[in-house]
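Number of protein chains: 2
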Amino acid sequence: MLNNKMTELLQIQYPIIQAPMAGGITTSELVAEVSNAGGLGSIGAGYMTPVQIREQIIEIKQLTSNPFSINLFVPNEFFVIQDEIDSANQVLQPLRDELGIRDEDRMEIPQFEDELDTFHEQIKVVIEEKVPVCSFTFGIPSAEVIRELKQHNIILMGTATTVEEAIEVEKAGMDIVIVQGSEAGGHRGSFLLHAQESLIGLMSLIPQTVDQVNIPVVAAGGIMDGRGLMASVCLGASGVQMGTAFLTTSESGAPAIQKEEILYAHEDQTVLTRAFSGKWARGIKNKYISEMQQHEATLPEFPVQNALTKGIRSASSSQKNPDFMSLWSGQSPRLAEKQTVSKLIKKMIAEAKHLKETL
Amino acid sequence: MLNNKMTELLQIQYPIIQAPMAGGITTSELVAEVSNAGGLGSIGAGYMTPVQIREQIIEIKQLTSNPFSINLFVPNEFFVIQDEIDSANQVLQPLRDELGIRDEDRMEIPQFEDELDTFHEQIKVVIEEKVPVCSFTFGIPSAEVIRELKQHNIILMGTATTVEEAIEVEKAGMDIVIVQGSEAGGHRGSFLLHAQESLIGLMSLIPQTVDQVNIPVVAAGGIMDGRGLMASVCLGASGVQMGTAFLTTSESGAPAIQKEEILYAHEDQTVLTRAFSGKWARGIKNKYISEMQQHEATLPEFPVQNALTKGIRSASSSQKNPDFMSLWSGQSPRLAEKQTVSKLIKKMIAEAKHLKETL
Numbered sequence: 000m001l002n003n004k005m006t007e008l009l010q011i012q013y014p015i016i017q018a019p020m021a022g023g024i025t026t027s028e029l030v031a032e033v034s035n036a037g038g039l040g041s042i043g044a045g046y047m048t049p050v051q052i053r054e055q056i057i058e059i060k061q062l063t064s065n066p067f068s069i070n071l072f073v074p075n076e077f078f079v080i081q082d083e084i085d086s087a088n089q090v091l092q093p094l095r096d097e098l099g100i101r102d103e104d105r106m107e108i109p110q111f112e113d114e115l116d117t118f119h120e121q122i123k124v125v126i127e128e129k130v131p132v133c134s135f136t137f138g139i140p141s142a143e144v145i146r147e148l149k150q151h152n153i154i155l156m157g158t159a160t161t162v163e164e165a166i167e168v169e170k171a172g173m174d175i176v177i178v179q180g181s182e183a184g185g186h187r188g189s190f191l192l193h194a195q196e197s198l199i200g201l202m203s204l205i206p207q208t209v210d211q212v213n214i215p216v217v218a219a220g221g222i223m224d225g226r227g228l229m230a231s232v233c234l235g236a237s238g239v240q241m242g243t244a245f246l247t248t249s250e251s252g253a254p255a256i257q258k259e260e261i262l263y264a265h266e267d268q269t270v271l272t273r274a275f276s277g278k279w280a281r282g283i284k285n286k287y288i289s290e291m292q293q294h295e296a297t298l299p300e301f302p303v304q305n306a307l308t309k310g311i312r313s314a315s316s317s318q319k320n321p322d323f324m325s326l327w328s329g330q331s332p333r334l335a336e337k338q339t340v341s342k343l344i345k346k347m348i349a350e351a352k353h354l355k356e357t358l
Numbered sequence: 000m001l002n003n004k005m006t007e008l009l010q011i012q013y014p015i016i017q018a019p020m021a022g023g024i025t026t027s028e029l030v031a032e033v034s035n036a037g038g039l040g041s042i043g044a045g046y047m048t049p050v051q052i053r054e055q056i057i058e059i060k061q062l063t064s065n066p067f068s069i070n071l072f073v074p075n076e077f078f079v080i081q082d083e084i085d086s087a088n089q090v091l092q093p094l095r096d097e098l099g100i101r102d103e104d105r106m107e108i109p110q111f112e113d114e115l116d117t118f119h120e121q122i123k124v125v126i127e128e129k130v131p132v133c134s135f136t137f138g139i140p141s142a143e144v145i146r147e148l149k150q151h152n153i154i155l156m157g158t159a160t161t162v163e164e165a166i167e168v169e170k171a172g173m174d175i176v177i178v179q180g181s182e183a184g185g186h187r188g189s190f191l192l193h194a195q196e197s198l199i200g201l202m203s204l205i206p207q208t209v210d211q212v213n214i215p216v217v218a219a220g221g222i223m224d225g226r227g228l229m230a231s232v233c234l235g236a237s238g239v240q241m242g243t244a245f246l247t248t249s250e251s252g253a254p255a256i257q258k259e260e261i262l263y264a265h266e267d268q269t270v271l272t273r274a275f276s277g278k279w280a281r282g283i284k285n286k287y288i289s290e291m292q293q294h295e296a297t298l299p300e301f302p303v304q305n306a307l308t309k310g311i312r313s314a315s316s317s318q319k320n321p322d323f324m325s326l327w328s329g330q331s332p333r334l335a336e337k338q339t340v341s342k343l344i345k346k347m348i349a350e351a352k353h354l355k356e357t358l
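Chains as they are written, first to last, in numbering that gives the first Met the number 0: chain A, 0 to 358; chain B, 0 to 358.
Hints were generated in silico from the structure; no laboratory data involved.
Just to be clear, a hint being listed does not mean it is correct.
Copies of one chain are not kept apart here, so a pair can be met inside one copy or by any two copies together.
[Said to hold, decoys possible] 25 angstroms max Cα-Cα, derived DSS-like pairs, lysine-lysine: (1) Lys258 to Lys342; (2) Lys123 to Lys149; (3) Lys60 to Lys129; (4) Lys4 to Lys355; (5) Lys258 to Lys286; (6) Lys352 to Lys4; (7) Lys309 to Lys258; (8) Lys309 to Lys286; (9) Lys284 to Lys258; (10) Lys129 to Lys4.
In isolation and in its complexed conformation, chain A is listed as follows (with noise of 0.2 angstroms):
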């Protein structure tokens, strides 16, 4: 039962992948010890440089011997408009003042031809340093770019909220599709309808997505244990993706505060922002979320208001103070515990294989 198409493809012991968690969340040490553990590691290299994540692939094939998985942004087009900026810059600038953050002025604000220049690099280093696994957020990539990695071998994974962009996922020619549920913490996926229509419970989710493809479907969202992947099996899931689960371990690189938040958290706490990154995201809700809840709608979109917040997150992460942090989370944090990579695991399949022999 759990083993199928999906943990054949990627050649793991079991049907459960790390999620690829952006902002220096996944350590090598967290990848490796999930891909060790007979799950997928996977690296969030959305925001990391191709230098960077040619490191870090060659840090990570030290630590294991198994396969492990790179998320990459599929580059969405995006304008820079000054006067959203500068309003941008207006309400965000007392925050700054309040962080003693001085070197706003030297901010980059990002260009959609180099975000698409790095996107070509990032996937030319995938192929390069041959990652058996690659999976995208925010899109479809080129037919070109899908062509290539498949002819070196590369397993696939896109990432959908709805059955539509399931659909083409699987029609884009990838090997793999996870449904992001509504549960899911970071950042929505979506990229045919706006975030906030597609926000599909994983109940209603799993069971329509697998009744109109024919790859296998990962569910994502709100999993933490054994009843939620044995629960996702029989929705119809090959397998299940964890975020916030492997947040709070002792390999992932979160920011203790972060992981503390987590841990005291309720499930009604989450909400959804674009105020961080100008993309819809679920994230714990704190002074930042609240201040900025009225601008939302006229925020610059993603990744230019992401280069606005940059130095606000950074400042507040390292002051230890949660309230202008991105506090990622899904809508199980009272299923989080502190504890290692390899004992969530071990924990999560006693829990299915008992399950199965009580139901």
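Let chain A serve as the given structure and place chain B on it in line with the hints.
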């Protein structure tokens, strides 16, 4: 596995409750057929008069000797603000004109004291007619009401949308808690937080709730088949409550046009709106919801807005025009089928058994 404390309390064969959909959907045939097929049929009596309730109970008893349930709305205090009513009427008048409605001036505006009186009369009928099970939405009735119902050995079920609400339901002395996931169609049962802050997907809501309460937990939202039943059981639920799945059966009293709209809808076509009743509810997006979106924040509260839109909804329905009807649906309309109650329940149980064997 499908027999547990919940089926024992309710004295039913299968852990399947037909959701108490208000507004004429839960005909006596539907309720009785569900109970005859081994589930628990439920009267959606929220908007019914005590006389109507008594008539339907008597009718159902002639059609089944199995237990069935009745659902009541717990009255929440509300205020009748003439300014709000006037500005809502200004927006609604063009729609009334479009539908050729002429008697809007005879509209009766509800008063809280009357609603409370009606609620107590409803309770009296439930006791006199010895309805075996009574469930509540929109809150928890007073300790007196609960005590009285329990003295008459009526099994009580409360509705919760967060862990905290489920804890309150248990504390109040109810026997079973129904957790309503964000996937659910129709009205949100939230009573502690605003409805929009308590949109928790079932993958998150079920396990976090069962970890915190001792009474049986029933899952509601997007569940349509044996897969959803087994997934809910894996997550720790004792059973399921299904609305949309029963709404499209032959025995349901929903207008044919509403059934058709659901049968052709996709998972990303439902939205939350308070434009029909003043309380947030999930339905298929239509012309009315779209046009009212900009006024959501300023509309009168429940049940005032409900009274204001009654004529519009019924005219739209009798004109077979889905544009202004409340097309309540959960997030799994792709799984809805035109079938009899008996076929739906038999298929679910067969699927669940098959799944158990193949896991």
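A quick look at each hint next to the structure:
1. Lys258 to Lys342: Classified as within; 17 angstroms inside a copy, 48 angstroms across copies.
2. Lys123 to Lys149: This pair counts as within: shortest intra-copy Cα distance 13 angstroms, inter-copy 69 angstroms.
3. Lys60 to Lys129: Answer is within; shortest intra-copy Cα gap is 11 angstroms, inter-copy 69 angstroms.
4. Lys4 to Lys355: both (20 angstroms within a copy, 20 angstroms between copies)
5. Lys258 to Lys286: within (17 angstroms within a copy, 45 angstroms between copies)
6. Lys352 to Lys4: both (19 angstroms within a copy, 23 angstroms between copies)
7. Lys309 to Lys258: within (20 angstroms within a copy, 49 angstroms between copies)
8. Lys309 to Lys286: Answer is within; shortest intra-copy Cα gap is 16 angstroms, inter-copy 41 angstroms.
9. Lys284 to Lys258: within (14 angstroms within a copy, 39 angstroms between copies)
10. Lys129 to Lys4: within (22 angstroms within a copy, 54 angstroms between copies)
Taken one by one, the earlier hints all hold for this structure without exception.
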